[in-house]
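S.K.: With the hints as extra help, turn the sequences into a complete structure.
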Amino acid sequence: MKRKSGSPAKRATLVCVAFLLALFILAPFYWLVVSSISEKAELLAVPLRWFPRRPTLSNYATLLGGGGMMSVSGGEVPPFKTAIRNSLTVCLTVNVLCLTVGAVAAYAFCRMRFWLKKQLLLTIIAVRMLPEISLVVPLYMIMRNMKLLDTPFALIIVYASFILPFTIWMLKSYFQSIPAELEEAAFIDGSSRMGVLTRIVLPLALPGIITTAIFTLLTAWDEFLFALIMTSTYAAKTIPVSISEFTTRHLIDYGLMTTGGVIAALPPVILASALQKYIIRGLTEGSVKG
Amino acid sequence: MINTVVLSRPSPRRARMQPYLYILPAVIVIFAVIVFPLIYAFYVSLNNVVGQSQTFVGFANYANILRSDFFWSSTGRTLYFTVVSVGLEFLLGLGVALLLNEDFPGRGIMRGLLVLPWALPTVVNGVLWSWIFDANYGALNALLKQLGIIDNYVIWLGEPLSAMNSVILADVWKNFPMVALLLLAGLQTIPDVLYEAATIDGAGRSRRFLSITIPALRPAMLVALVLRTMEAFKVFDIVYIMTKGGPANGTQAISYYTYVTTFQYTKFGYGSALSYLVALVILAMALGYFKLLKANEE
Numbered sequence: 001m002k003r004k005s006g007s008p009a010k011r012a013t014l015v016c017v018a019f020l021l022a023l024f025i026l027a028p029f030y031w032l033v034v035s036s037i038s039e040k041a042e043l044l045a046v047p048l049r050w051f052p053r054r055p056t057l058s059n060y061a062t063l064l065g066g067g068g069m070m071s072v073s074g075g076e077v078p079p080f081k082t083a084i085r086n087s088l089t090v091c092l093t094v095n096v097l098c099l100t101v102g103a104v105a106a107y108a109f110c111r112m113r114f115w116l117k118k119q120l121l122l123t124i125i126a127v128r129m130l131p132e133i134s135l136v137v138p139l140y141m142i143m144r145n146m147k148l149l150d151t152p153f154a155l156i157i158v159y160a161s162f163i164l165p166f167t168i169w170m171l172k173s174y175f176q177s178i179p180a181e182l183e184e185a186a187f188i189d190g191s192s193r194m195g196v197l198t199r200i201v202l203p204l205a206l207p208g209i210i211t212t213a214i215f216t217l218l219t220a221w222d223e224f225l226f227a228l229i230m231t232s233t234y235a236a237k238t239i240p241v242s243i244s245e246f247t248t249r250h251l252i253d254y255g256l257m258t259t260g261g262v263i264a265a266l267p268p269v270i271l272a273s274a275l276q277k278y279i280i281r282g283l284t285e286g287s288v289k290g
Numbered sequence: 001m002i003n004t005v006v007l008s009r010p011s012p013r014r015a016r017m018q019p020y021l022y023i024l025p026a027v028i029v030i031f032a033v034i035v036f037p038l039i040y041a042f043y044v045s046l047n048n049v050v051g052q053s054q055t056f057v058g059f060a061n062y063a064n065i066l067r068s069d070f071f072w073s074s075t076g077r078t079l080y081f082t083v084v085s086v087g088l089e090f091l092l093g094l095g096v097a098l099l100l101n102e103d104f105p106g107r108g109i110m111r112g113l114l115v116l117p118w119a120l121p122t123v124v125n126g127v128l129w130s131w132i133f134d135a136n137y138g139a140l141n142a143l144l145k146q147l148g149i150i151d152n153y154v155i156w157l158g159e160p161l162s163a164m165n166s167v168i169l170a171d172v173w174k175n176f177p178m179v180a181l182l183l184l185a186g187l188q189t190i191p192d193v194l195y196e197a198a199t200i201d202g203a204g205r206s207r208r209f210l211s212i213t214i215p216a217l218r219p220a221m222l223v224a225l226v227l228r229t230m231e232a233f234k235v236f237d238i239v240y241i242m243t244k245g246g247p248a249n250g251t252q253a254i255s256y257y258t259y260v261t262t263f264q265y266t267k268f269g270y271g272s273a274l275s276y277l278v279a280l281v282i283l284a285m286a287l288g289y290f291k292l293l294k295a296n297e298e
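Taken in sequence, the protein lines are chains A and B.
For the first sequence, position 77 matches number 77 in my numbering, and the numbering has no gaps at all.
For the second sequence, position 263 matches number 263 in my numbering, and the numbering has no gaps at all.
Just so you know, the hints here were simulated from the structure itself, not pulled from any lab data.
Please note that a few of the clues may not be correct.
What the hints assert, rightly or not - Keeping only pairs whose Cα atoms sit at most 25 Å apart, straight-line, the calculated SDA-like set for lysine to any residue is:
hint: 1; chain 1: A; residue 1: Lys117; chain 2: B; residue 2: Gln146
hint: 2; chain 1: A; residue 1: Lys40; chain 2: B; residue 2: Gln146
hint: 3; chain 1: B; residue 1: Lys244; chain 2: A; residue 2: Thr233
Claimed, not checked - Just some of the chain A residues that point at chain B, by a computed CB distance under 7 Å:
hint: 4; residue: Cys16
hint: 5; residue: Val17
hint: 6; residue: Ala18
hint: 7; residue: Trp31
hint: 8; residue: Val33
hint: 9; residue: Leu48
hint: 10; residue: Ala105
hint: 11; residue: Leu116
hint: 12; residue: Phe224
hint: 13; residue: Pro268
hint: 14; residue: Val269
The model shown is predicted, which means the values in this text are computed figures rather than measured ones.
Ideal Cβ positions, reconstructed from N, Cα and C, are used throughout, including at glycine.
M.R.: This is how it looks when you write it as structure tokens:
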């Protein structure tokens with residue numbers, strides 16, 4: 001890494017290439033934001049202007065004001081606020097469920113010996129690899145028979161079980177990196193298993209738990225296929241489904257779509273930028289180790 | 001595995017039951033919501049489902065799928081998508097990883113930027129790129145025209161192949177950063193001494209790259225390739241958002257085909273059989289992945 005950085009000419013070339021790369025990454029983001037603050041007339045102008053003459057937040061007002069309002073293009077604006085609330089409810093509940101159930105199970109897999117342990121671990125890995133499409137068909141039929149379609153509850157259950165194998169796997173590898181001698185000492189002092197887990201293992205594994213939580217949150221926030229199929233009204237529709245409907249149900253209104261896009265992108269992008277080092281570590285450790 | 005120390009505890013009966021209590025919630029959830037539905041799906045795939053009535057047809061659904069031209073052309077499109085997008089993500093990712101492994105001002109910022117497309121929700125990515133590719137008002141047409149590269153606006157999503165390539169570009173933009181970060185992490189584990197020693201021995205730039213960088217990077221490259229291949233083969237969200245499988249079914253990848261068959265034509269039996277075939281392919285890839293990882297560890 002700290003190889004000699006070579007001549008100034010080489011360094012200049014590197015900076016130039018990096019600049020082009022930055023442009024390639026940032027230009028679509030720029031366009032997403034600019035489109036959301038442009039008036040419709042300016043967006044549809046030919047030749048296109050690259051920054052609006054009169055930036056406006058009216059798209060945001062329309063979208064967040066939501067509920068029976070008419071957009072500029074004439075289509076009815078869906079209650080986007082409800083979608084935000086559904087997404088938040090589902091994501092946060094799934095996260096809490098996965099982390100608690102996952103941490104307890106991961107600890108058992110990491111420190112205890114029991115019958116069928118190896119087989120269960122293999123099942124968990126296999127389940128982690130399953131494509132969503134092969135589960136969505138039976139789960140839709142089951143949820144339909146149980147009259148649970150179109151409820152946040154159904155999404156929470158499905159997301160939690162889909163993400164749980166991943167949570168267990170990540171947490172297990174973090175727990176394994178904690179020296180068992182520390183736990184041994186606590187046992188000698190009379191702590192129970194649960195006491196050791198909550199007072200020693202979890203605090204020490206905090207960075208790993210943060211990484212796992214980010215991945216769990218982003219996966220649930222991003223999920224589209226299950227939400228598309230298992231929700232039909234704003235009782236349960238999440239942000240991705242809501243955004244996808246701007247393309248189908250109404251006239252294509254890119255102003256509103258990009259506005260919805262910015263709102264949907266803000267939480268994960270902020271989280272990912274603020275906690276960058278956890279993400280990079282999670283990407284490499286999570287996938288390399290299993 | 002070095003740290004898997006099994007701690008001994010008194011009160012044998014309770015201690016023996018304890019692990020099961022710890023794993024029980026997870027096992028219940030995984031079996032109830034994943035394993036049981038999978039078995040149920042297999043049962044459904046052996047039936048012809050019309051409305052609420054089912055008739056047992058054995059493996060007829062599977063036979064029909066394997067005989068259907070549409071299944072094979074959809075598989076072909078999925079493979080095209082997978083090979084081209086993963087190939088591009090890999091090449092671009094490798095280039096970026098090599099770039100960021102050099103020492104230059106702004107390197108840290110670049111690494112931070114890479115996380116951004118990865119964090120962008122897939123649906124938003126699809127919306128953003130269909131807007132960029134828009135035939136009448138899209139930014140790509142405007143940019144190319146203002147630069148004088150094209151004379152007339154191109155209908156990017158209007159023809160099967162061009163639509164597929166547009167979807168691929170959107171996918172590459174979102175996913176090459178993940179490959180880059182994985183490979184960069186691999187590059188940073190290569191000790192500098194190796195390069196220094198090789199230089200002293202008279203190895204040139206390309207020689208050092210081929211004899212040190214590539215072999216040392218092999219594990220990271222395999223991981224990145226296999227993970228991305230499995231993801232790409234499952235492609236659904238971005239196809240749904242950008243093209244709905246069209247035009248002329250030109251972007252109808254296998255997951256999308258399964259979705260349409262099951263939920264628009266409500267052929268649940270046929271759809272279940274299709275989804276089982278997709279799962280088998282993915283699990284075969286997963287198996288290959290673990291074999292590779294094992295081989296690398298040894």
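S.K.: For each hint, tell me whether it holds in the structure or not.
M.R.: Hint check:
Between Lys117/A and Gln146/B, the direct Cα distance comes to roughly 63 Å. Violation of the 25 Å bound is thereby established for this hinted pair. Straight-line distance between C-alpha atoms of Lys40/A and Gln146/B comes to about 21 Å, which keeps the hinted pair within the 25 Å bound. Between Lys244/B and Thr233/A the alpha-carbon distance is near 21 Å, which keeps this suggested pair within the 25 Å criterion. Annotation: interface hint on Cys16/A violated; nearest CB of chain B at approximately 10 Å, more than 7 Å.
Of the supplied interface hints, the one on Val17/A holds, with its beta-carbon coming within about 6 Å of a beta-carbon of chain B, less than 7 Å. With a least beta-carbon distance of about 5 Å to chain B, the hint placing Ala18/A at the interface is held under the 7 Å criterion. About 5 Å separates the beta-carbon of Trp31/A from the nearest beta-carbon of chain B, less than 7 Å, and the hint is met. With 7 Å as the threshold, the beta carbon of Val33/A stays out of range of chain B, its nearest partner Cβ sitting at about 10 Å, so the hint is violated.
The beta carbon of Leu48/A is positioned within 7 Å of a beta carbon in chain B (closest approach about 4 Å), and the interface hint is therefore held. With its C-beta approaching chain B no nearer than about 4 Å, Ala105/A sits inside the 7 Å limit, and its interface hint holds. With a least beta-carbon distance of about 10 Å to chain B, the hint placing Leu116/A at the interface is violated under the 7 Å criterion. The criterion of a C-beta within 7 Å of any C-beta in chain B is met by Phe224/A, whose closest approach is roughly 5 Å, and the hint holds.
Hint status for Pro268/A: holds, given a least beta-carbon distance of 4 Å to chain B, under 7 Å. For Val269/A, the interface hint holds, since its Cβ comes within 7 Å of a Cβ in chain B; the closest pair sits about 5 Å apart.
The structure does not agree with the numbered hints 1, 4, 8 and 11 stated previously, though it agrees with the rest.
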